[in-house]
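> Listed here are the chains, written in short residue letters.
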Amino acid sequence: MNTAHKPKARYGMVIDLDRCNGCGGCAAACAVENNVPPAAPKASDRTGLTWMRIYRAENGRSFPENRTAFFPISCQHCGAHTPCVSVCPQNAVDINPETGVVSQIPPRCLGCRYCMTACPFHARYFNWSDPEWPRDMENALNPDVSVRMRGVVEKCNFCHSRWQAAVAKAAANGKREIDPADYVPACVEACPTEAIAFGNLDDPRSEVSRQSRAPNAFRLLAKLGTDPKVYYRSDRDWVRRMGDTDVAYESEASRG
Amino acid sequence: MKNRAWLTFAVGLLAALGGGWFAVPWAMYRRSEQPVQFSHRVHTSEAVGLSCQDCHALSDGGKFGGIPRLETCAPCHAEPQGKSADEKRFINEYVAKNREVQWLVYARQPENVYFSHAPHIRLAGLKCEQCHGQHGTTDRLRTFERNRISTYPRDVEGYSLVRLQPSRWNEGMKMDDCSRCHHERGVEESCLTCHK
Chain A
999 MNTAHKPKAR YGMVIDLDRC NGCGGCAAAC AVENNVPPAA PKASDRTGLT WMRIYRAENG
1059 RSFPENRTAF FPISCQHCGA HTPCVSVCPQ NAVDINPETG VVSQIPPRCL GCRYCMTACP
1119 FHARYFNWSD PEWPRDMENA LNPDVSVRMR GVVEKCNFCH SRWQAAVAKA AANGKREIDP
1179 ADYVPACVEA CPTEAIAFGN LDDPRSEVSR QSRAPNAFRL LAKLGTDPKV YYRSDRDWVR
1239 RMGDTDVAYE SEASRG
Chain B
17 MKNRAWLTFA VGLLAALGGG WFAVPWAMYR RSEQPVQFSH RVHTSEAVGL SCQDCHALSD
77 GGKFGGIPRL ETCAPCHAEP QGKSADEKRF INEYVAKNRE VQWLVYARQP ENVYFSHAPH
137 IRLAGLKCEQ CHGQHGTTDR LRTFERNRIS TYPRDVEGYS LVRLQPSRWN EGMKMDDCSR
197 CHHERGVEES CLTCHK
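Going down the list, the protein sequences come from chains A and B.
Take 999 as the starting number for the first sequence in the numbering used here and just add one per residue.
Take 17 as the starting number for the second sequence in the numbering used here and just add one per residue.
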C-alpha cells in the first residue's frame, strides 16, 4: 500500500525539550480532551492508555555532571511508509488527506495489534478492558470525541475533533480555510512552558514550520525514513543524540 | 408425486426467501410512534408559509440543524390554530405544562459520527431534501424504527435489503450515501473526515 501521498496540509508539532520540565500537563490535558479513562486497577506501563507519554532520559554521568531530559511522545504522524497504515488488515488506519493526520478508527479495528508492533514509537495503545470512569465523571466526558470499547487500539490524532469544529466554524462564516487559532491540540494549549508549537508544516510562515527548520531540530528515529511530523528541539548534543536511540526503553518518568 | 415434491420445494423456498427478505428486517427494528403527531405539509403550505430554516435553525457553531424546542412552537400554538385532536393534546399536555416534547429523531447519527450542517449548506449549497428527502411535505410523522442491536435509527445505518422504497429508505443519511456524494463531488472521504 502506498502511504506516501501528499496531503493538502501537513499538521505537525515542534517540542522544545529544553523548555519541557516533564510536568505531565500535556498528558493530563490530552486524557481529559480525548476521553481517555483513568488507569484500570491492574493496568501496568504496558497495558495503560497514554496518548501522550513522557519518557525520562539521562545523560549517564554521575553527579554533578548528571543531566535529565523529558521526551513527551505521542503518535509521530509518519508521512511516508507509515508503518501502522501499511500493516492494518482492516483499513482502520489511514492518513487524512486534508490534515496529514494518521487516523485510527476504533469501530473498524479488530484488535489484532499488528499496528502496535509495527509502530517504532510505541505510540499506540490497546484497550484491554472497557473504559470505566468514577461515578459522575461520565458527565464530564467530551461529547466531540467518541469513547472506545474493549478490544480496539487507540492513539493520538492531534485532537482531530478540534479541527472538525474549526472547519464547521469557518464554514458557518462561509469560509473554506480555517483560522489557525481555532485548531490547537489540548497538549499544546496546556503546556505551561509553551514548549510545544503546532501548525501546518507546509505553511512557510507558520511558527511550527520555522521551528522545524531550526538547526537544533531533529526527529525521533529519523533513520527509519518514516517522515514523522513531530519534531523535537534541543541545544544539548546528548539530547539530540537520543533521537536516534531507543528512547522508549530508557527509564520512564510517567506511568500509564 | 413428482409435482408434490416440486410444490413442497417451492413453498419452502418462498418461505425461506420471505423470512430472509421481510421477517428478518421486520424483527430487526423496534417500532415506536412519535409522542405527538405533526404535519410538515400544513406548516410548509402556502397558508402558513414556513420554510425549513424557520424552525430548524443552525446553532452558533453551525453544527446542528436541530429539532425545534417548545419555545419555537409555543408563540403560535398558545391557542389552537386548527381543529386536530393532536394539536389540542399538544397544547394541553406540553404547551400549557411547559414540557418539552421528546421527539424521536430519525436523523440522529451514531456517537462516533461527526456531522456539521454548516459546510454542507453554506459551502456545498445542498438543499435539505438532498439528505432528508421529502420529509418537509409529509402529512404525518412516520413510525420511528430503531435497530434492536445497534440502537441506531433505521434511517442512518446499514444498507436497505431491498431498495423497493427508495424515497423512504434511501434518503441519504447512511454512511454509503455520504460516501457516494463525497466521492461524486471530489470531497475528501477519509475516515476522520466524518468520524470522531
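Hints are not guaranteed to be accurate.
Below are the DSS-like pairs computed for lysine-lysine, each with C-alpha atoms no more than 27 Å apart in a straight line [stated by the list, open to error]:
hint : chain 1 : residue 1 : chain 2 : residue 2
1    : B       : Lys113    : A       : Lys1167
2    : A       : Lys1006   : A       : Lys1221
3    : B       : Lys99     : A       : Lys1173
4    : B       : Lys113    : B       : Lys99
5    : A       : Lys1006   : B       : Lys212
6    : A       : Lys1173   : B       : Lys212
7    : A       : Lys1006   : A       : Lys1173
8    : B       : Lys143    : B       : Lys212
9    : B       : Lys143    : A       : Lys1167
10   : A       : Lys1167   : A       : Lys1006
Simulated from the structure, these hints should not be mistaken for laboratory data.
> With reference to the structure, classify each hint as holding or not holding.
Right, here's what the structure says about each hint:
Taking the CA atoms of B/Lys113 and A/Lys1167, the gap is near 36 Å; set against the 27 Å cutoff, the hint is violated. This hinted pair checks out: A/Lys1006 and A/Lys1221 have alpha carbons roughly 25 Å apart, not beyond 27 Å. Pair hint B/Lys99 plus A/Lys1173 does not hold up; C-alpha atoms about 46 Å apart against a cutoff of 27 Å. A threshold of 27 Å between alpha carbons decides the hint, and for B/Lys113 with B/Lys99 the separation of about 20 Å falls inside it, so the pair holds.
Using a Cα cut-off of 27 Å, the hinted pair A/Lys1006 and B/Lys212 holds, with the two alpha carbons roughly 20 Å apart. The hinted pair formed by A/Lys1173 and B/Lys212 meets the criterion: a straight-line CA distance of about 22 Å does not exceed 27 Å. Straight-line distance between C-alpha atoms of A/Lys1006 and A/Lys1173 comes to about 16 Å, which keeps the hinted pair within the 27 Å bound. For the given pair, B/Lys143 sits about 25 Å from B/Lys212 by alpha-carbon distance, which is consistent with the 27 Å threshold.
With a C-alpha separation of about 20 Å, the suggested pairing of B/Lys143 with A/Lys1167 holds against the 27 Å cut-off. Restraint check for A/Lys1167 and A/Lys1006: the C-alpha separation of about 19 Å stays at or below 27 Å, so the hint holds.
Hints 1, 3 from the earlier list are contradicted by this structure; the remaining hints agree with it.
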